[in-house]
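Starting from the given sequences, assemble the full structure and let the hints guide the process.
0 is the number of the first residue of the sequence shown in numbering that gives the first Met the number 0; add one for each residue after it.
Worth flagging that the hints you see were computed from the coordinates, not collected in a lab.
The structure presented is a predicted model; accordingly, all values stated were derived computationally and were not measured.
Among the hints, erroneous ones may be present.
[What the hints assert, rightly or not] Beta-carbon label-pair distances, calculated as ranges:
(1) 95 / 50: 13 to 21 Å
(2) 13 / 98: 19 to 27 Å
(3) 94 / 1: 24 to 32 Å
[What the hints assert, rightly or not] Below, simulated EDC-like cross-link-like pairs (lysine to aspartate or glutamate); rule was C-alpha separation at most 16 Å, straight line:
(4) 20 / 44
(5) 99 / 29
(6) 99 / 44
(7) 99 / 26
(8) 99 / 37
Glycine included, C-beta positions come from ideal geometry on N, C-alpha and C.
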Amino acid sequence: MNESQRTSRFVELRDHDHLAKIDSFLEVTEWSNSEGFDLHLSRGEQSINLSWGEWSALLAALGDWIDQHQPESTCPHIISTDEGTSYCKLAESTAQLLAKLRGQS
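This is the structure:
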């Protein structure tokens, strides 16, 4: 039998989503082989398991979808910079969280 410890991160959804219930949360746990992660949403006990390659593909798919819309109308987390560009603060925070899980920060 093999035993391992896995790195997990937990956030209250209410801090990131105004539609979330007070006690809603999101938990991300890196796989023990470091090849992906499990994502658990308290809402409806939803879970998804993604390899890092699948995560990369999901970001590519979402990027293409978001590009078809006006950023201000699709994401309440859009931040405009002094240089005149815009980005999604939530996506940036998610990427930073996942980078920490991968040990890159």
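Structure-based check of each hint:
1. 95 / 50: 13 to 21 Å: At roughly 20 Å between Cβ atoms, residue 50 and residue 95 fall inside 13 to 21 Å, so the hint holds.
2. 13 / 98: 19 to 27 Å: With a Cβ separation near 24 Å, residue 13 and residue 98 satisfy 19 to 27 Å, so the hint holds.
3. 94 / 1: 24 to 32 Å: holds, 30 Å
4. 20 / 44: holds, 14 Å
5. 99 / 29: Holds - the C-alpha atoms of residue 29 and residue 99 are around 10 Å apart, at most 16 Å.
6. 99 / 44: Not satisfied, since the Cα-Cα distance of roughly 24 Å exceeds 16 Å.
7. 99 / 26: holds, 14 Å
8. 99 / 37: holds, 15 Å
Hint violations for this structure: number 6 only, all remaining hints satisfied.
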